[in-house]
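Using the sequences provided together with the hints, build the complete structure.
Mapped onto the working numbering, the consecutive letters of the sequence shown carry residue numbers 143 to 351.
Note that these hints are calculated values from the structure, not bench results. As the structure is a prediction and not an experimental result, all values here were calculated from the model.
Derived DEER-like restraints, expressed as beta-carbon distance ranges:
1) Pro184 <-> Asn160: 37 to 45 Å
2) His195 <-> Ile302: 19 to 27 Å
3) Ile249 <-> Ile318: 17 to 25 Å
4) Asp162 <-> Ser218: 22 to 30 Å
5) Arg190 <-> Leu348: 42 to 50 Å
6) Ser229 <-> Lys316: 38 to 46 Å
7) Ile325 <-> Leu222: 37 to 45 Å
8) Lys316 <-> Glu291: 31 to 39 Å
9) Pro320 <-> Phe214: 34 to 42 Å
10) Lys347 <-> Ser312: 43 to 51 Å
11) Gln197 <-> Lys347: 38 to 46 Å
12) Leu222 <-> Gly322: 42 to 50 Å
13) Asn160 <-> Gly319: 35 to 43 Å
In the BS3-like style, the derived pairs of lysine-lysine whose C-alpha atoms are separated by at most 25 Å in a straight line are:
14) Lys316 <-> Lys328
15) Lys217 <-> Lys164
16) Lys164 <-> Lys328
17) Lys164 <-> Lys347
18) Lys328 <-> Lys309
19) Lys340 <-> Lys217
20) Lys328 <-> Lys313
21) Lys164 <-> Lys340
22) Lys309 <-> Lys200
23) Lys347 <-> Lys217
24) Lys340 <-> Lys328
25) Lys200 <-> Lys313
Here a beta-carbon is modelled for each residue, glycine too, at the ideal position from N, C-alpha and C.
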Amino acid sequence: MFLKFSFSDFIEVFKNLNFDFKEIVTAFMVLFAVIDIIGNIPIIIDLRKKVGHIQSEKAALIAGIIMIVFLFVGKSILNLIGIDVNSFAVAGAFILFFIALEMILGITLYKEEDTNPITASVFPLAFPLIAGPGSLTTLLSLRAEFATENIIVAILANMIFLYVVLKTSSKIEKLIGPNGISIVRKVFGVILLAIAVKLFAVNFKLLLA
143 MFLKFSFSDF
153 IEVFKNLNFD
163 FKEIVTAFMV
173 LFAVIDIIGN
183 IPIIIDLRKK
193 VGHIQSEKAA
203 LIAGIIMIVF
213 LFVGKSILNL
223 IGIDVNSFAV
233 AGAFILFFIA
243 LEMILGITLY
253 KEEDTNPITA
263 SVFPLAFPLI
273 AGPGSLTTLL
283 SLRAEFATEN
293 IIVAILANMI
303 FLYVVLKTSS
313 KIEKLIGPNG
323 ISIVRKVFGV
333 ILLAIAVKLF
343 AVNFKLLLA
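So this is what it looks like as structure tokens:
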């Protein structure tokens, strides 16, 4: 009886979730572009050469946990310091804009300090390369427009894709080559730029209302 009740309870909760395929796909594409795991394959390969081994499952799991936790507590932190989600979304739009410029123009506007981590799977791979300022800001920007459950699905889908890429990074680089990686980065850069403009327009309008 207990198991039956628990299962029914779970089904009831599941029914109340507002899954939207369009939102999931859009959120997935935004996060995919910001994380830019394909474009970061050369960095991953260099890191693998330096430390010898990268735990793909550990990197994907920790990055996913960081992003999901921030999705829930990020808004509370903002409320604590008196900043609304729309203002944060506008700030996030600016960050996405500059990330898109880096991807399209092949320039570096922000450079991380060189580090020699003991556990490369956690730092700097899971954080801040994957779950970094850009992706965390993007999460709150997305939450201003999309249902939380759709964003979580998008995060999980990205982490699964991330795991596969980390496992096969060397093969992918050989398959598509440096030019292929460059083209992928530029294409997703243009998509990200368009999304940044939309995020800014929607949330700036709400701030003025």
